Structures are given as C-alpha cells and as structure tokens.
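Engineer: Single-letter residue listing:
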Amino acid sequence: QKEVEQNSGPLSVPEGAIASLNCTYSDRGSQSFFWYRQYSGKSPELIMSIYSNGDKEDGRFTAQLNKASQYVSLLIRDSQPSDSATYLCAVNSGSARQLTFGSGTQLTVLP
Amino acid sequence: EAQVTQNPRYLITVTGKKLTVTCSQNMNHEYMSWYRQDPGLGLRQIYYSMNVEVTDKGDVPEGYKVSRKEKRNFPLILESPSPNQTSLYFCASSPRTSVYYEQYFGPGTRLTVT
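Chains as they are written, first to last, in the working numbering: chain S, 1 to 111; chain U, 1 to 114.
Keep in mind that the hints were calculated from the coordinates and are not lab data.
The reader is advised that the hints may include incorrect statements.
Chain U is faced by these chain S residues, among others (derived, beta-carbon under 7 Å) [stated by the list, open to error]:
1) Ser40
2) Ser43
3) Phe101
The model shown is predicted, which means the values in this text are computed figures rather than measured ones.
Just so it is clear, CB atoms sit at the ideal spot from N, CA and C, and this is done for glycine as well.
Please put together the full structure from these sequences, using the hints given.
Structural biologist: Right, dumping it as structure tokens:
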C-alpha cells in the first residue's frame, strides 16, 4: 500500500511568516510530486510540481524534494491570510494512475 | 478558457435511483480520472482512463461505472446508489499519461444519497 503522510494540523502562522508544510511517502519508486491547495468546499488547485532532488521556487512558494529521505516539503514565504487553506501533497509513482494523496494539512494565516 | 466541467454540482437522491455525473474537458487531454473525497480519508481514486475506450479501476471502484466514448467526456455512473456513496466527487484530467504531467480538477459534485 503506497502511503503519503502529512501532518493534519491545523498549522497556524502569523501574517508575513514562513509556513512550512511537510510530506513523507513510502514508495521509493515515486517519480513526481505535487502540492495542491484546496479551499473549503472547492476543488484542489495545483500550485507546485517537483520531479528532481533539490529546491524549486515559484514566487512565494518553494518546494523541496529529498528522495533519499522520502520527503517533500512546501515553504510559503510572506504568508497571507488568503493562503489559509488545506494543502494536499500528491505523489505519482509507476504509472499515471497512481496519484496518491495525503490527507492534507490545514493552514491558517493569522492577520 | 481551459477547464474541466462537471454536472450537476449538487445532487440529492434516494437509494437505488440510477444517476450519472458528467465530466468534460476542453483541453484535448488524454488522461481523465474520478476521485471521491471524504473527511479523514482524503482523495481516493475511483476510475481512470488513459484514452478513448481505455478505462481501469482505481482504489475504490465498487458501485461505480465509467465510460470513455469520446476524448473530452468521462461520465461517472452510479447504477444503484447507496448512502455510503454520499461524498464530494472530483473529475480530473491530464495532458499525457506520463507520471510527469499534472492533473487538473473540475469544480466538484456534492452527492447526497438518502
């Protein structure tokens, strides 16, 4: 059973701080990793994808991947109240069908 | 506008009454998939399709059927809905069947079976 684990939270950070979200996965053959943001009652929205070890930056978001340790993280710099949402880690391994999601981390950014 | 659409967005029905949730994408994507999302269980894949006339089971296919007769459409069929199928359903599509392509989600369908 391929598993993707996330701290469910809730995680609270003050506005302007760095929010750090973590995800671990069990399948060493995993090849691609995604972070989705989901507002309550809405659909998941892709915010980052990462395929190789290291950091990938896009605006205020940085994804970090360490395949040896089987973890992927998302950093949100200068957090805003509009960043308050549930963040889903998704891992794709072996074939296109196997996009396995974590249960999500609920982030609250306090004004 | 590139998008995945689902209809209906909300549906309340009774046990045993057949229903279909439609999904359509206008991006010429090869891959389409259905997920259900339940509190504490996250997103779980129901069925997926790699291309027209090619479908396969996901992790929770029991009680569901799908078809892919056209590239753009991927309907989800519940032949005899039961209360345990009350959930939030998402359709998703991806431009390729490779693992490196992201999936894009529709707006969701909230289904209640009484």
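Engineer: The hint names Phe101(S) as touching chain U; please verify it with the least Cβ-Cβ distance against 7 Å.
Structural biologist: OK, holds: Phe101(S) within 7 Å of chain U, min 4 Å.
Engineer: Holds or violated: is there a CB of chain U closer than 7 Å to the CB of Ser43(S)?
Structural biologist: holds, 4 Å
Engineer: Minimum Cβ distance from Ser40(S) to chain U below 7 Å?
Structural biologist: violated, 11 Å
In summary, the structure is inconsistent with hint 1 from the numbered list given earlier, while agreeing with all the others.
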